[in-house]
Every structure is written in C-alpha cells, then in structure tokens.
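Participant: Sequence:
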Amino acid sequence: MTPQPILLSQEEIEQLRKEVGRPTLMGKSIAKHIAEVDAYMALGLDVPGHGEAGGYEHNRHKQNYTYMNIAGRLFLITQEEKYATFVKDLLNWYADKYLTLDYQVQKNTNLPVVYSTRF
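Residue numbers for the sequence shown follow full-length UniProt numbering, so the first one is 1 and each next one is one higher.
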C-alpha cells in the first residue's frame with residue numbers, strides 16, 4: 001500500500017528527502033525531529049485512560065498525537081518503516097482501548113467565581 005500524503009505534496013517530500021543528512025537549516029531540523037521521535041519511541045507505547053486536564057494522561061495523549069504526526073512525516077521523508085510501524089501500533093492501541101473506556105467523569109476542580117449583585 002502506498003501512503004497518500006495529505007499535508008505535503010510529493011514534490012515537497014522529494015525536496016525534504018534531499019535535505020536529510022545535510023548541514024543545512026532544513027537538514028538540521030529533520031535531524032532534530034529524528035532524534036526527538038527516536039527518543040520518544042524508545043520510551044515505549046503508553047495509552048493511558050482518562051485523567052484531569054493538564055495531568056499525566058492529558059499530556060501523554062497530546063505527546064502521542066504530536067509524535068505520531070511527526071513520525072508520519074518522517075516516514076514519508078526518510079522512508080524508514082519504523083516510523084510507520086510506531087504510528088500504526090499506537091493507533092491500534094488507541095482503537096483497542098477506546099472501546100473499554102467509560103465516559104469521562106470530570107472533577108470540576110476549577111469552579112467559576114460567582115459574584116453577587118447584593119452588597
């Protein structure tokens with residue numbers, strides 16, 4: 001199956017491929033993304049359940065999305081299968097876990113201030 005890029009054109013992907021390993025600004029940016037995604041992938045997959053906004057679960061879901069997005073682009077640029085596998089495995093884990101999650105119970109820890117008009 002050939003991936004169909006959405007946010008990058010085939011021409012842009014080809015231009016980015018030429019920059020991999022070069023000491024240009026774009027080459028250094030790609031190298032930085034490779035290092036960051038590789039380090040994140042080394043942590044192992046984690047799909048936590050529900051949690052409070054700003055808590056571990058919330059932040060991990062944000063990180064998962066961010067690194068899946070970058071890994072998908074890196075797969076298109078570098079053609080290294082490990083990035084596609086990372087995204088596929090993480091999405092499959094989310095798909096499997098989604099059906100086991102109950103509704104989110106919000107603990108309202110930041111109640112609005114109610115002002116009285118009476119003095």
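FYI, nobody ran anything at the bench for these hints, they're computed from the structure.
It is possible that part of the hints are untrue.
Unchecked claim - Calculated cross-link-like contacts (lysine-lysine; reagent style DSS-like; alpha-carbon spacing at most 27 angstroms):
{"no.": "1", "residue 1": "K97", "residue 2": "K28"}
{"no.": "2", "residue 1": "K32", "residue 2": "K18"}
{"no.": "3", "residue 1": "K18", "residue 2": "K28"}
{"no.": "4", "residue 1": "K97", "residue 2": "K62"}
{"no.": "5", "residue 1": "K62", "residue 2": "K88"}
{"no.": "6", "residue 1": "K97", "residue 2": "K18"}
{"no.": "7", "residue 1": "K32", "residue 2": "K97"}
{"no.": "8", "residue 1": "K18", "residue 2": "K88"}
{"no.": "9", "residue 1": "K62", "residue 2": "K28"}
{"no.": "10", "residue 1": "K32", "residue 2": "K62"}
{"no.": "11", "residue 1": "K97", "residue 2": "K82"}
{"no.": "12", "residue 1": "K18", "residue 2": "K62"}
{"no.": "13", "residue 1": "K62", "residue 2": "K82"}
Predicted, not measured: the structure shown is a model, and the values here were computed from it.
Participant: With reference to the structure, classify each hint as holding or not holding.
Facilitator: Here is what the structure says about each hint:
For the suggested pair K97 and K28, the alpha carbons sit about 36 angstroms apart, so the restraint of at most 27 angstroms is broken. Proposed proximity of K32 and K18 is supported: the alpha carbons are some 16 angstroms apart, at most 27 angstroms. With a CA separation close to 12 angstroms, the supplied pair K18 and K28 stays within the 27 angstroms bound. Of the pairs offered as hints, the one joining K97 and K62 holds, with about 16 angstroms between alpha carbons and a cut-off of 27 angstroms not exceeded.
Taking the CA atoms of K62 and K88, the gap is near 17 angstroms; set against the 27 angstroms cutoff, the hint holds. At most 27 angstroms may separate the alpha-carbon atoms for a hinted pair to count; K97 and K18 exceed this at roughly 39 angstroms. Between the alpha carbons of K32 and K97 the distance comes to roughly 31 angstroms, so the proposed pair goes past 27 angstroms and is violated. Taking the CA atoms of K18 and K88, the gap is about 26 angstroms. The hint holds against a cut of 27 angstroms.
At roughly 24 angstroms between alpha-carbon atoms, K62 and K28 fall within 27 angstroms of each other, so this suggested pair holds. Restraint check: the Cα-Cα separation between K32 and K62 comes to about 19 angstroms, which is no more than 27 angstroms; the hinted pair holds. Annotation: proposed proximity of K97 to K82 holds, straight-line Cα distance about 22 angstroms (limit 27 angstroms). Our distance criterion of 27 angstroms between C-alpha atoms is broken by K18 and K62, whose separation comes to about 30 angstroms.
A distance of roughly 21 angstroms separates the Cα atoms of K62 and K82; the hinted pair therefore holds under the 27 angstroms criterion.
Going down the numbered hints, you'll see the structure goes against 1, 6, 7, 12, while the others check out.
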